[in-house]
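**Q** Work out the full structure, taking the sequences as your base and the hints as a guide.
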Amino acid sequence: MTAASNGRRPVAVTGVLMALTLVACTPDQENDTMTPEQSRQKLISEIITVIQAMAPGARVDSSVEDRDLPCGGLAGAEYTSVHSYVVVTGSAGIGGTETDVMAKTRTPLEQKGWKITRNRKSGETSRFSVDKPGTGSGVLLVSPEDIVFNGETLCVDNPDR
Amino acid sequence: MGQGRDPSSAASRASGSSASSAVAALAVLRHIAELAERDAPAADRALLLLRDGALVGEAATRLADELHRVAGAVRRAFLEAFDQVAGGTPGTPPALGYPPGACRGGPGNGCARGFVGGDPERMRALEQQLTSAGRTWEDAGSTLARLLTGAGADPSPAHVIGQAGAWTAGRPADIARRRHQLQLQLTQSGSAALATFGLPPVPTMGEAEGRRLTSGLNAVLDRTGNTDPATRAAAVRRYFGTLTTGECSWLATHQAELVGNLDGAPVTLRYAANRLRIADALEVEQAHLATMMPTDPTYQRQADRVEALRGFLVPHLRRIWDPMSKEMLEIGTFRQFLLFDPRGDGRLAEVTGDLENADDVAIQVPGITNRLDNFSAIAADARQLVIDPRTRRLAPGAAVVSWLGYDTPELGDAVDPAKALVGGRQLAEFRAGIGVCLKPTAKTNLFAHSYGTLVSSKALQNGAAFDTITFMGSPGLGSNVNSVADFRLPAGTKVYDLRAPGDWVSYTQGHGKDPADFADIIRLDAGDSSGHSQYYKLNSSSLENLRAILFRRPQELTFTGTHLDDELAGAMEARAFIAWMRSQVPAEKVLKLGVDMDPIIQDVLAGRVRTPAEWSGAVQRAKAVFTQHRISEDVTLTELDAELGKLAREVAAKQGGFLAGNRVESAVHLTTWLLSQMPPEKTAAFGVELAGILGDKSLETPETAIKVIRLVNDYDVLDHITPTELQSGLVAASAKRTFRSSYEGFRAAGLSEAQAFAQATTAATAAGAAVYTTTTPVIVALGFQRGIDNIADLGGIGTKDKAK
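Chains as they are written, first to last, in numbering that gives the first Met the number 0: chain S, 0 to 160; chain Z, 0 to 803.
Take the hints with a grain of salt, since some may be wrong.
Below are the EDC-like pairs computed for lysine to aspartate or glutamate, each with C-alpha atoms no more than 20 Å apart in a straight line [stated by the list, open to error]:
no.	chain 1	residue 1	chain 2	residue 2
1	Z	K493	Z	D527
2	Z	K706	Z	D718
3	S	K131	Z	D51
4	Z	K591	Z	D412
5	Z	K325	S	E123
6	S	K120	Z	E555
7	Z	K735	Z	E649
8	S	K120	Z	D718
9	Z	K493	Z	D524
10	Z	K325	S	E64
11	S	K120	S	E144
12	S	K114	S	D130
13	S	K114	Z	D415
14	Z	K512	Z	D387
15	Z	K653	Z	E642
16	S	K41	Z	D51
17	Z	K512	Z	D412
18	Z	K418	Z	D340
19	Z	K493	Z	E587
20	Z	K325	S	E144
21	S	K41	S	D67
22	Z	K645	Z	E743
23	Z	K418	Z	E256
Selected chain S positions facing chain Z (Cβ under 7 Å, derived; list incomplete) [said to hold, decoys possible]:
no.	residue
24	S62
25	L68
26	A74
27	G75
28	P132
29	S136
30	E151
Read the hints as simulated data drawn from the structure, not as lab findings.
Don't be surprised by glycine CBs; every beta carbon is placed ideally from N, CA and C.
**A** Below, the structure written as structure tokens:
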């Protein structure tokens, strides 16, 4: 039995590791169950559904612009976790007053679980900053001619590391 | 295909309508369906690779069209074969779906065009997939032919599939040829490098002429060796102005080492020179990688360097949205490097946009842990700044320089300002040198992040001039900078700061006062980013603010005046705790400690520490580091306990009231008490498992109590403390917590100090008694277990059940 309760032991390590544990649980690393490819497919497919609901009949296209960018580590620069940028476009848009655009955009987004964090209008284009926990985030640009989504997948564990 | 499984002989239609022939027909149908479902999609992966840009350009479009058509024909042939044999026989046709489009929207409909190229690695994967698909279909065709013939059916669908296989198997040769061409381009000639940036080829030139050009340039450099960077760059620019375009091309290709990083040289010449240097470096680094064992701890980073260098030579592909044709068009943009030095972690400066004609220029300065191997992250941030989100085209008139021109610290030496002092001088020189290549009216903006803010601070103190300066997630700008005024910047210079909620680097103030707390700085909103690395997040107010600065749209800036506590609960306390730690541990010791702790921290952050055993290992390693640096001389358990307890209480109290605060503080005290009794590594593993068992359950639940007993037993906790001591610790923690909360409650209710003390003492005694009563069954059981163990030890009988 030992009871060196007041010894000057190197127990500061506890504090450091407690802090690390807290840091390691930042939202950046909230999702480690999807592969990078799954994270891309999930974001793309969910946004395609939204765009098809917003503009039925629109031809939808998607691409992955930057894949597997590093986002791991304390400074978010290591390949232990990765994320990607995707672009999804719809060939038809939404016209009308700002209220019309808002209504026709907000409903499909919110029905699919997306949250509009901010929106503003610039010329003919309405810009919606959107986010969906467990899926990703991005900016949805809605004009009378087309809909363009620039998105960012979640930062997920890199299975190769 | 397995002949043994071929039931075709039993499927003869000649047997008429007998039951056995019906069974045989069903067996054939089942075989065809299985074959179809397994082999019809053989080329789908190749189609997906094409969609992902493995090969782009007209050839890719043609291949995608053809392959899509062939894959559809194969599916139809399988269904036709099935239908033939089925006749009137009931059977479930194979579910084959449709081949994936190689382009969304269908082949030939908005597919890649305008650029011919691809990704060598994915091209190789495409070759393998096509080879495999070809063989699969050829085999499937043979098998199906036997099945159909045996069943007395027309074998032509099988021939279609066999031909599809032959055609598909013939495609990889063409792709391999294109891949080799592409790889040759990567390690290209000087003329190709020049052509990449619109420069003329090198004219035929004699040796003497070449020597004249080189010595002329060297003379300029010698003459201006002792002047300031701007003067020297201007002299270099003037010298190049005296040369013909062909002579410039000669210098870029024959003196690439000199021209690549030479301030004042026309930027396109630097891009071409550095392209050649990168190709050379790629060869060297690939060769080095080939000598390494994959088990080498540095292997992965070396592989990343090779991948990064290869990426620098391949155009960045982007699909732009054409509102007129309503199609996605693929374009490739060649990477432009103003600075390239692969030594060490690498030094780079990449330009996104047309630098020499830009009206608005941003220079990004990144912080810790940025290197050549992970440069793609910074480059992607730069694109987010200047690409129009709707058209996906580069915004005209703007350019971003991603400047990684200094040796960034890793986590371990991030507390050392030495690299910032050197980096600051390098940034100031770069800024001065690049000035001669910009439009005189160009507006320059400095976007600095993390340790890069300290580097930028040093650069500003070295005279670097910018129209706007933006700090993000700063650990401080040096102990001598406590306000914007301390920089003595020219009038009109705007200085902004962004601090995201939860940005732990801002809390450290490791290099001085957080600029977000400067009275004279302009705080911009970064409220929807979080942590240290989301300032360029696509949908963030932070990125919008950076874009508003770059594109001179002040009306779009959004401001904030939040305090730490508004941004994240506990941030103020975390900052106070870090400040306390810094006050206790000498800076030079922190530096050494940081270097040695770095790999452990990396393991924790990378998620490589998960299980109790791994946590135990990590704590053991950390303990060794702490012991080596004699941190215990600076921070004792008692001191740490008091500070952590205070921090926990204040944070929890703000969120859940003083009772919650006291509860959390007690938990901290209990943890540190346990740590004082057992080795830290054992406590860590024990704690992880105990938390897993307890969750929100109570010790009074029999199953939970039994699990805790077994855990205590498994970890030999009783080797360090007796059950009675454990119980005393629990009782004392509860009594202390109750006393504190009760006392404060009674005082808040208006009781005098003496009255509150008496009442709180009573409450604490009652709480302690309650804990004593609740835990007694567990403690008695532990005591009993300990007795059995002692007897077993005496008799050499192993009764401990370590299995959980």
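**Q** Each hint should be assessed against the structure and marked as holding or not.
**A** These are the hints, each one checked on the structure:
no.	hint	in the structure
1	Z:K493 <-> Z:D527	violated, 23 Å
2	Z:K706 <-> Z:D718	holds, 18 Å
3	S:K131 <-> Z:D51	violated, 25 Å
4	Z:K591 <-> Z:D412	holds, 8 Å
5	Z:K325 <-> S:E123	holds, 17 Å
6	S:K120 <-> Z:E555	holds, 11 Å
7	Z:K735 <-> Z:E649	holds, 17 Å
8	S:K120 <-> Z:D718	violated, 69 Å
9	Z:K493 <-> Z:D524	holds, 16 Å
10	Z:K325 <-> S:E64	holds, 18 Å
11	S:K120 <-> S:E144	holds, 15 Å
12	S:K114 <-> S:D130	holds, 5 Å
13	S:K114 <-> Z:D415	violated, 42 Å
14	Z:K512 <-> Z:D387	violated, 36 Å
15	Z:K653 <-> Z:E642	holds, 17 Å
16	S:K41 <-> Z:D51	holds, 16 Å
17	Z:K512 <-> Z:D412	holds, 19 Å
18	Z:K418 <-> Z:D340	holds, 17 Å
19	Z:K493 <-> Z:E587	violated, 35 Å
20	Z:K325 <-> S:E144	holds, 9 Å
21	S:K41 <-> S:D67	holds, 15 Å
22	Z:K645 <-> Z:E743	holds, 15 Å
23	Z:K418 <-> Z:E256	violated, 25 Å
24	S62	holds, 4 Å
25	L68	holds, 5 Å
26	A74	holds, 5 Å
27	G75	holds, 3 Å
28	P132	violated, 13 Å
29	S136	holds, 5 Å
30	E151	holds, 5 Å
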